[in-house]
Amino acid sequence: MFKYMKTLNYPVNIKKRDLKMAKYLHTQFGGSNSELAAALRYFSQKFSMPDEKGKSLLNDIATEELGHVEMIATMIKQLTEGASVEEMKAAGLGDMYSEHGLGVYPSNASGVPYTTAYFAVTGDPIADISEDMAAEQKARAVYENLIELATDEDVIGPLLFLRQREIIHFNRFKELYKHYKKRGY
Amino acid sequence: MLFENNDYDFDVLSLAGFSFSEPEQNYFGFQDDALVNSKEGFLRGNMWKNEYEPYKGMTYMPLRPTCEREALLYQIMEKDFAVNDLNLYLDLHPEDQKIYEKFKQYTKECIELKDQYAKQYGPLSLDQTSGGSYEWMKNPWPWDKSGGSMYV
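For the protein sequence lines, the chains are A and B, in the order given.
Residue numbers for the first sequence follow the numbering used here, beginning at 1 and rising by one.
Residue numbers for the second sequence follow the numbering used here, beginning at 1 and rising by one.
Each hint should be verified, as a subset may be incorrect.
Here chain A is said to cover these stretches of chain B; the calculated rule only asks that three of the stretch's residues, wherever they fall, bring their Cβ under 8 Å from a Cβ of chain A [said to hold, decoys possible]: (1) 33-40; (2) 70-76; (3) 85-91; (4) 97-105.
16 Å max Cα-Cα, derived EDC-like pairs, lysine to aspartate or glutamate [said to hold, decoys possible]: (5) A:LYS6 <-> B:GLU70; (6) B:LYS39 <-> B:GLU95; (7) A:LYS53 <-> B:ASP96; (8) A:LYS53 <-> B:ASP127; (9) A:LYS15 <-> B:ASP144; (10) B:LYS145 <-> A:ASP154; (11) A:LYS3 <-> B:ASP127; (12) A:LYS174 <-> B:GLU51; (13) A:LYS16 <-> B:ASP115; (14) A:LYS15 <-> A:GLU153; (15) A:LYS6 <-> B:ASP127; (16) A:LYS15 <-> A:ASP154; (17) A:LYS181 <-> A:GLU131; (18) B:LYS145 <-> A:GLU81; (19) B:LYS145 <-> A:GLU70; (20) B:LYS56 <-> A:GLU153; (21) A:LYS182 <-> A:ASP51; (22) A:LYS3 <-> A:GLU81; (23) A:LYS6 <-> B:ASP144; (24) A:LYS6 <-> B:ASP96; (25) A:LYS6 <-> B:ASP115; (26) A:LYS181 <-> A:ASP124; (27) A:LYS16 <-> A:ASP152; (28) A:LYS77 <-> B:ASP96.
No lab work stands behind these hints, which were simulated from the structure alone.
Even glycine gets a Cβ: it sits at the ideal position worked out from N, Cα and C.
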């Protein structure tokens, strides 16, 4: 089961409102390469991992990813806090405002709601872990795009941290992939 | 205390040794210097020296705790991060006794700091609930910016 710890994985302290950046960040909340997709992907795949290494790694990375979902949602909340309707409209967030107000809703940057169709569970550890490796690289690339779009170091700091986690997770999944290949999967 | 000299107040460092080469995957024959310390690891988001790949020379941004409470919280997050990063490695290398010893050390430090925090400021997890009144639901929550003193 899960128990909550009342901290973020890494500090988020954004002082300057930036609605455009909030819109871009949605890609990592509810987009195809998002932290939410990562968390649910590994959480779901863990049930068909064949040994202790796979079960533990998928479980533990899924748990960490849920903490990253919280970080991204916190960034969106802090970037939009206190925004007026006019500001939301000017930043291209009028559509989002009409349905969600200043609430934080898991969609991609274009407002398309999150869907579990973004990932697969095949029951085959080689296929699943190959997808996981690709997912980590795609998320790393998206973080680099977001870092290029960002102008505030309060935003860039957490993004650099999250990007680095994609690198570590990719390396761990790659190790697990090699382990299963060696075992004949 | 760890933060008295603004230990977290680093400027962005210039690029040093950024490499596209593959990280070493086999930690057998592990050296004591395979890991950075937990503070550096937390700031980087990566405890492993040979797996660190900064983007375009950007290493990390300064963290500036504004009060003692926040400073203590950052230390807890730092230890908790180290525990997590070593945890993922140990899932694949449970036989690595040296890393396991580091893992136990960070776990112990994290528990001690969390206990200290709970006594001074309230629980970070429900099983830390003690004292004369129910504190768990009180602000600040980790996503709060105002109304919560921006402590996370």
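| Which of the listed hints are broken here? | As far as the earlier hints go, 1, 4, 6, 8, 13, 22, 24, 28 are violated by this structure, in ascending order.
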